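Chain by chain, the residues run as shown.
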Amino acid sequence: MNRWFSLDRLWAMVRKEFIQMRRDRLTFAMMVGIPVLQLTLFGFAINSDPRHLPMAILDADQSTYTRTIVAALRHTRYFDLTHHARNEAQASALLAQGDVQFVLSIPADFTRRLLRGERPSLLLQADATDPAATSNALAVLSRLEQQALTQDLRGPLANLRGTAPPFEFTVHRRYNPEGITQFNIVPGLMGVILTMTMIVMTGLAVTREHERGTMENLLAMPVSPIEVMVGKIVPYIFVGYIQVAVILVAARWVFDVPMLGSFGLLLAGTLLFIVANLTVGITFSSLANNQTQAMQMSFFFFLPSILLSGFMFPFRGMPGWAQYAGEVLPLTHFLRFIRGLMLKGNEFSQLWPHLWPLLMFTGAILLLGLLRYRRTLD
Amino acid sequence: MTAPAPVIHVEGLSKSFQGKLAVDHVSLEIDQGDIFGFLGPNGSGKTTTIRLLCGLLTPDEGTGTCLGHDLLREAYQIKRQVGYMTQRFSFYEDLTIRENLDFVARIYGMTQRQDVVDAAIDRLNLTDRQHQLAGTLSGGWKQRLALTACTLHQPRLLLLDEPTAGVDPQARRDFWDQIHHLAADGITVLVSTHYMDEAERCSRLGYIASGRLLADGTPQSLVAESELSTWAIDGTDIHRLGDTLKSVPAAQQIVPFGTRLYVSGTDTAALKSTMDAIARKPGFQVHPVSPRLEDIFTRLMQRQEDTQ
Ligand SMILES: Nc1ncnc2c1ncn2[C@@H]1O[C@H](COP(=O)(O)OP(=O)(O)O)[C@@H](O)[C@H]1O
Ligand SMILES: [Mg+2]
Chain Y
1 MNRWFSLDRL WAMVRKEFIQ MRRDRLTFAM MVGIPVLQLT LFGFAINSDP RHLPMAILDA
61 DQSTYTRTIV AALRHTRYFD LTHHARNEAQ ASALLAQGDV QFVLSIPADF TRRLLRGERP
121 SLLLQADATD PAATSNALAV LSRLEQQALT QDLRGPLANL RGTAPPFEFT VHRRYNPEGI
181 TQFNIVPGLM GVILTMTMIV MTGLAVTREH ERGTMENLLA MPVSPIEVMV GKIVPYIFVG
241 YIQVAVILVA ARWVFDVPML GSFGLLLAGT LLFIVANLTV GITFSSLANN QTQAMQMSFF
301 FFLPSILLSG FMFPFRGMPG WAQYAGEVLP LTHFLRFIRG LMLKGNEFSQ LWPHLWPLLM
361 FTGAILLLGL LRYRRTLD
Chain P
1 MTAPAPVIHV EGLSKSFQGK LAVDHVSLEI DQGDIFGFLG PNGSGKTTTI RLLCGLLTPD
61 EGTGTCLGHD LLREAYQIKR QVGYMTQRFS FYEDLTIREN LDFVARIYGM TQRQDVVDAA
121 IDRLNLTDRQ HQLAGTLSGG WKQRLALTAC TLHQPRLLLL DEPTAGVDPQ ARRDFWDQIH
181 HLAADGITVL VSTHYMDEAE RCSRLGYIAS GRLLADGTPQ SLVAESELST WAIDGTDIHR
241 LGDTLKSVPA AQQIVPFGTR LYVSGTDTAA LKSTMDAIAR KPGFQVHPVS PRLEDIFTRL
301 MQRQEDTQ
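Top to bottom, those sequences are chains Y and P.
Mapping of the first sequence onto the numbering used here: position 235 corresponds to residue 235, and the numbering continues sequentially without gaps.
Mapping of the second sequence onto the numbering used here: position 214 corresponds to residue 214, and the numbering continues sequentially without gaps.
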């Protein structure tokens, strides 16, 4: 048998963990209890007021007036002009990918019609996946219609500043047209629930062996750290998938959340996320000296995951440092993945940017866990 | 003909916890087929020494080999050939008897796993209880299960840490019979205990106190080298006699044992004259005996305390 890795020994560990899990009632309670509890609790949305949301413009007109309108949008501090799209397709892609929150399309005849007093409209498409992120920004639009061009329309044009605004915004709420917060919350909850249960369950896995004294026996046998760690992870992948099933059933039949993307892709992406969290749990478990410490570590990981991932508050509403911290967390990437997949029907190529960070994260944490795994009782 | 290499050969092994020495420069050489009895009071460093031998703890100082493999660098090879029975039952209480044995058989990559496990359960006489959780077994049965599990992979060296603590006399006797069978098959056994009657069933003994190995040898050589003389006094009123003997400096150890009193000391001449005086009293029979292991170990402890 190989000294560093043997499938037989790994399978021995997996089997053992499976049997122990099956006999542990708490695992079962957590497996179904946590999703049910959380889905019930998060029936409401958490609002906030994010600013500086990225916007792409597709300006086919390019006149003084359109530049004034864009400047006025930016002046509200809700809109940041980050991209100039060359065509409709590129603008749509930016929105689908989540690179921008808004796309402003200015038709070629806008200025001509404005000056004729025809009150032309501008198309503003919003990514409404998370209604909380866009609602305040959209609320300022009617004031802009009234005031944006006041300075420009002078002299002979002053008559255009009548009672009715000289132009108007047509808003398209994409992906979640009715602004239903559950559409955003429920897929997000899948990430939160998995983070919580996966880390807590495996967080106890190694410390439990230490506290029951069985670690002494295990260490005296020729099992390698990777076999112990992976062996303890594998059974919980099934627990994770059972939770995913519970949440998907609730999403479909209780909350009527759309599911536009591929189901296979959902299972694959979720696997990466589950494994990422299990790795965190098992690493905490090998760092901790006892179960209490393992629980504390889990908690300290869970809290920022909830707060900084874009689940509780819209990601773009957070200060820069918080966004950087959030980028490190697996939940952040999973939320983008699951929302993109379920609500926007994103393809693999669009989702990959949210998946590779999960792989990197898992690799790094697993390495840390293996390095810190105690091969002796010292 | 050269003698075969010793199974355990360590020198100057030390280990301290939080600055307190638990094992203090222990050197040991144990040959194949030996039953090495490792004796010492609670907290003397027996468990720590055993853990150092099977790579569960890293020594602060010292070097050595176990089954020809370096203690520090070849832990994996050592683990494959050593069976370690921990002081506390450390198999899985939430697995059944069969599942525990099956787990061990898989970890050691045994072929014909099913047969090996069947045979082990059969030897244990637990066929009808094989699907019972290990946690529900009594102490004696747990001990038997643990011994079976840690010999399943046919180790060349067995390290048994107080295997008979809290086990009834019949089970202890069966256990020792099994140890002798294993040793007859060429397996080397190191067994820690604090039962003196068990010490007498070992082929070699080591006595450890406060982390230091104070004596090491066959039971006969320990007796021969003890410098201790012992007398046994039979009589009806030995307790009062024992009290009066406490004022005699030469009587260093006075141990009542039923209707018998054992008196030992290193000053043989002085002790002999005291004994001769008692022998002249009516109601007491006095005769010299060879010192018991218990007395020898107590003497070693006293001497160590005196020098400290
Ligand atoms: N993991 C540990 N941490 C701190 N002290 C320890 C540890 N293990 C043993 N000791 C101490 O080392 C000494 C020897 O203990 P041990 O080897 O268990 O003795 P024995 O097995 O002979 O009863 C004791 O004083 C004990 O308190
Ligand atoms: Mg001990």
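Just to be clear, a hint being listed does not mean it is correct.
Okay, the calculated bits of chain P under chain Y, using three or more residues with CB under 8 Å as the criterion [unchecked claim]:
hint, region
1, 50–58
2, 73–82
A few chain Y positions that, by computed beta-carbon distances, are all more than 10 Å from chain P [as the list claims (entries may be wrong)]:
hint, residue
3, Ala29
4, Leu37
5, Arg74
6, Ala220
7, Thr376
Calculated directly from the structure, the hints in this document are not laboratory data.
These numbers come from a predicted model, not from an experiment.
Beta carbons are placed, not taken as given, at the ideal position from N, Cα and C, and that holds for glycine.
Hint-by-hint comparison with the structure:
Requiring three or more residues with a Cβ within less than 8 Å of a Cβ of chain Y, the coverage given for the region 50–58 of chain P holds, as 6 such residues are present. Remark: the region 73–82 of chain P is confirmed as covered by chain Y, as 5 of its residues place a Cβ nearer than 8 Å to a Cβ of that chain, reaching the required three. The beta carbon of Y:Ala29 is kept farther than 10 Å from every beta carbon of chain P, the shortest such distance being approximately 16 Å. No Cβ of chain P approaches the Cβ of Y:Leu37 within 10 Å, the least distance being about 26 Å, so the stated non-interface status holds.
Separation of Y:Arg74 from chain P is adequate, the least Cβ-Cβ distance of about 63 Å exceeding the 10 Å criterion. Not every CB of chain P is more than 10 Å from the CB of Y:Ala220 (nearest about 4 Å), against its label as outside the interface. Interface exclusion of Y:Thr376 from chain P breaks down, the closest Cβ pair being 6 Å apart, not more than 10 Å.
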